[in-house]
Amino acid sequence: MDVLTLSRLQFAATACFHFLFVPLTLGLSILVAIMETRFVKTGDALYLRMTKFWGKLFLINFALGVVTGITLEFQFGMNWAAFSKYVGDIFGAPLAIEATLAFFLESTFIGLWIFGWDKLSARAHAATIWVVAIASSLSAVWILLANGWMQRPVGFVLRNGRAEMVDFGALVSNIYSWAKFLHTASSAYLLGAFFVMAISAWHIARRSELEFFKRSFKIAAAFGFHAAVLTLASGAFSAIMVAKYQPTKLAAMEGVWTTRKAAPYYLLAWPAPSQERNSFQAWGVPRGLSLLAHHDPDSEVTGLKDFPRDMRPPVMATFLSFKGMVLLGMLLTLVAFLAWLVSRKDLLESNPALLRAALYCLPLPYLAIQLGWIVSEVGRQPWIVYGLLKTSDGVSKSLSTGQVLASLAGFTLYYGTLAAVDFYLLYKNARQGPSPAPQGA
Amino acid sequence: MNFAIIWFILWGVLWTVYFVLDGFDLGAGMLQPFIARGESERHAVAASIGPFWNGNEVWLLTAGGATFAAFPTAYAVMFSSLYSALLLVLFALIARGVALELRNKEPGAAWRRAWDSAFFTGSAAAALLFGVAFGNIFSGLPLDAAGYHGSLLGLLNPYGLLTGVLFVLLFLVHGALWLAIKTAGALSSRAAVAAKGLWLALVPVAVAFLAATAYATKLYDNYLAHPALFLVPLLAVAGLLGSRLASGLKAFLCSGLTIAMVTATGIIGLFPNLLPSSLDPAYSVTIANAASSPYTLKIMTVVALCFVPVVICYQLWSYRVLRQAVDPSRPSAQDEAY
Numbered sequence: 001m002d003v004l005t006l007s008r009l010q011f012a013a014t015a016c017f018h019f020l021f022v023p024l025t026l027g028l029s030i031l032v033a034i035m036e037t038r039f040v041k042t043g044d045a046l047y048l049r050m051t052k053f054w055g056k057l058f059l060i061n062f063a064l065g066v067v068t069g070i071t072l073e074f075q076f077g078m079n080w081a082a083f084s085k086y087v088g089d090i091f092g093a094p095l096a097i098e099a100t101l102a103f104f105l106e107s108t109f110i111g112l113w114i115f116g117w118d119k120l121s122a123r124a125h126a127a128t129i130w131v132v133a134i135a136s137s138l139s140a141v142w143i144l145l146a147n148g149w150m151q152r153p154v155g156f157v158l159r160n161g162r163a164e165m166v167d168f169g170a171l172v173s174n175i176y177s178w179a180k181f182l183h184t185a186s187s188a189y190l191l192g193a194f195f196v197m198a199i200s201a202w203h204i205a206r207r208s209e210l211e212f213f214k215r216s217f218k219i220a221a222a223f224g225f226h227a228a229v230l231t232l233a234s235g236a237f238s239a240i241m242v243a244k245y246q247p248t249k250l251a252a253m254e255g256v257w258t259t260r261k262a263a264p265y266y267l268l269a270w271p272a273p274s275q276e277r278n279s280f281q282a283w284g285v286p287r288g289l290s291l292l293a294h295h296d297p298d299s300e301v302t303g304l305k306d307f308p309r310d311m312r313p314p315v316m317a318t319f320l321s322f323k324g325m326v327l328l329g330m331l332l333t334l335v336a337f338l339a340w341l342v343s344r345k346d347l348l349e350s351n352p353a354l355l356r357a358a359l360y361c362l363p364l365p366y367l368a369i370q371l372g373w374i375v376s377e378v379g380r381q382p383w384i385v386y387g388l389l390k391t392s393d394g395v396s397k398s399l400s401t402g403q404v405l406a407s408l409a410g411f412t413l414y415y416g417t418l419a420a421v422d423f424y425l426l427y428k429n430a431r432q433g434p435s436p437a438p439q440g441a
Numbered sequence: 001m002n003f004a005i006i007w008f009i010l011w012g013v014l015w016t017v018y019f020v021l022d023g024f025d026l027g028a029g030m031l032q033p034f035i036a037r038g039e040s041e042r043h044a045v046a047a048s049i050g051p052f053w054n055g056n057e058v059w060l061l062t063a064g065g066a067t068f069a070a071f072p073t074a075y076a077v078m079f080s081s082l083y084s085a086l087l088l089v090l091f092a093l094i095a096r097g098v099a100l101e102l103r104n105k106e107p108g109a110a111w112r113r114a115w116d117s118a119f120f121t122g123s124a125a126a127a128l129l130f131g132v133a134f135g136n137i138f139s140g141l142p143l144d145a146a147g148y149h150g151s152l153l154g155l156l157n158p159y160g161l162l163t164g165v166l167f168v169l170l171f172l173v174h175g176a177l178w179l180a181i182k183t184a185g186a187l188s189s190r191a192a193v194a195a196k197g198l199w200l201a202l203v204p205v206a207v208a209f210l211a212a213t214a215y216a217t218k219l220y221d222n223y224l225a226h227p228a229l230f231l232v233p234l235l236a237v238a239g240l241l242g243s244r245l246a247s248g249l250k251a252f253l254c255s256g257l258t259i260a261m262v263t264a265t266g267i268i269g270l271f272p273n274l275l276p277s278s279l280d281p282a283y284s285v286t287i288a289n290a291a292s293s294p295y296t297l298k299i300m301t302v303v304a305l306c307f308v309p310v311v312i313c314y315q316l317w318s319y320r321v322l323r324q325a326v327d328p329s330r331p332s333a334q335d336e337a338y
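Protein chains in written order, with the working numbering: chain Y, 1 to 441; chain W, 1 to 338.
Any given hint could be a false lead.
To be verified - Here are the simulated SDA-like cross-link-like pairs (lysine to any residue), alpha carbons at most 25 Å apart as the crow flies: (1) W/K196 / W/K105; (2) W/K105 / Y/I143; (3) W/K298 / Y/P363; (4) Y/K119 / W/S40; (5) W/K298 / Y/I143; (6) Y/K119 / W/K196.
To be verified - Quick look at which bits of chain Y chain W covers, simulated, 3 or more residues with Cβ under 8 Å: (7) 246 to 260; (8) 301 to 311.
Calculated directly from the structure, the hints in this document are not laboratory data. We put the CB at the ideal spot given by N, CA and C, even for glycine.
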């Protein structure tokens, strides 16, 4: 394998690994903040115990998200030096701003939250976790403004042999990035909700700490259902953005080979990339794809055959990841809706099937989010910046195969070990449940 | 003054603040196995930096991000050239961070011992490697038209290693003075004694570094051209003396001043280079050939001037709120969250 392939593998591995932890940080920080706020408002000690129990799980996960993020800040320069030189003038800015605006807040206030229980008033203490939650989502805004720019580059001119920023406003108001932020954030909130629902469901089924976990479940289900609706809506909006700005990605996502007007949406299809057609497609909804992609039933949808082969993304990976993500998204929305209904009516204990579903669904939002990133990044190929710079032109020239092979092996081993340790801690603490209520409280 | 010069200064300030702040975290990590006796003292060392290390490390991320935004070419050349060394720094910082966050999540003695060794190893490796990397940047990297010609072992030249040892000792003294004020009881007194002993080791290394710099680097050229700049290394010497003569918070602030002025001495000497070439100055990465466009630098200047002061305010506030020293003999309420 060459430096390019290895560098792509390494970036994919380290980014995907980082994003096993980030969504839970985004989602669970808000849920913990809600719990602590309720404690401050009601004085009910059960909410305090909930804050501490879910807070501990939050911290175990947060640690890995933080440390694996350092890698990403430096990896552009390490493996993608040509890319960094060519677009750093505009791409570096959101990264630097992310650190300045969001990481400082997040890291300073998490310290205050962990160590400030007896140093801050109850209100101020609850405020610190809200700052952490808001800063986490703020960091998502800036990193997705950076990623959104790679998907739909705006606000620059080619000058001095590189892409130079001429319109910061265009970078910040890039509609593609905001669609992406909404979709990424809401799916992360959904994942946070499923995390709390799944662990709560396990305990409710065992009748351990019933009130504690029913209340946790109820908060998470309400949050999760709303997040699910937002995930679907922002997903539909993101697809319109893709159709508008990345026709090759959309065509690969939907398996469209030939450009046509009033394109139907096939509920079942299987692409055959070597023959440049779908080997199978059925249950077409007339004009469905035109309507979804461009909000116009008669609009034209561009097919892959309009592009030379070397300008198309890997079709199977993009297609299957996209379809998998959508299916999982629908399923999770349904479960979140039922969970919300049942928990509102206080019927959780008498619905073992729902409790089981909530538990077994836990890996699914993780999977859906990873698939989403595959759609986004593999679907952008062969471009590293869509339409501007090829991935093969972005890689560092000074690296040797041995160097990157060694680092990739190192990351795999190291991250694998960390993942195992972290999973063990989460599993053990989640099973164990909250520490017993203090006597007399 | 143009924006590229402003950003050279800010670039230097970000690295300087990072080394001053994470310096005591890394120092505490290196000291833990030697001056903490028993679990409660080892826990106290970790807890003394627990609330702060993460916020301190963000200065590194910001220095990295600012290098990317303001000097993309420097970012690209620095990190792709020093690839393997930087990878080791990343692994070390990850080990340090995970160790601090996970050590108290399980009660077992073996569990905590394992994380404490990761805490020590990560801290020591990061301190040494940062010094080696900056020593090599000060003396110049083998860069020419074809790119970088060095290797990981090539970085371990005498001047690079000397700078590495200097960083390790600077951070050790800084960390010991931190533990002296931020812990209580026997641990605090032992840390104060350790600071004095380590100071004796630091002085000859610092003198050797200042002397070797004249031979191994061109850093002093700027000083000979503008002798007023010698104030900066003089302040480093003053800080060094102060960290021995003063005690408590003042001594700690003096060791911080030393680290800041040593870093500043190197970075001022580099100007206008960011990464000088040891092969041919024509291939040095300078503020002229690496800077972003004036428009980008202007935006970044506004962002930095608006938000960095706010960051400094709330970070200072967090140090104030959590100013109480950690007493190993008294388990506190905060352990519950761990």
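Hint by hint, here is what the structure shows:
Taking the CA atoms of W/K196 and W/K105, the gap is near 34 Å; set against the 25 Å cutoff, the hint is violated. Restraint check: the Cα-Cα separation between W/K105 and Y/I143 comes to about 30 Å, which exceeds 25 Å; the hinted pair is violated. At roughly 45 Å between alpha-carbon atoms, W/K298 and Y/P363 are farther apart than 25 Å, so this suggested pair is violated. With a CA separation close to 21 Å, the supplied pair Y/K119 and W/S40 stays within the 25 Å bound.
Under the criterion of a C-alpha separation no larger than 25 Å, the hint pairing W/K298 with Y/I143 is consistent with the structure, at around 21 Å. With a C-alpha separation of about 32 Å, the suggested pairing of Y/K119 with W/K196 is violated against the 25 Å cut-off. Restraint check on the stretch 246 to 260 of chain Y versus chain W: 0 residues with Cβ-Cβ distances below 8 Å, three needed, restraint violated. With a cut-off of 8 Å between beta carbons, the stretch 301 to 311 of chain Y has 0 residues touching chain W; three or more are needed, and the interface restraint is violated.
The structure fails hints 1, 2, 3, 6, 7 and 8 (numbered hints given earlier, in ascending order).
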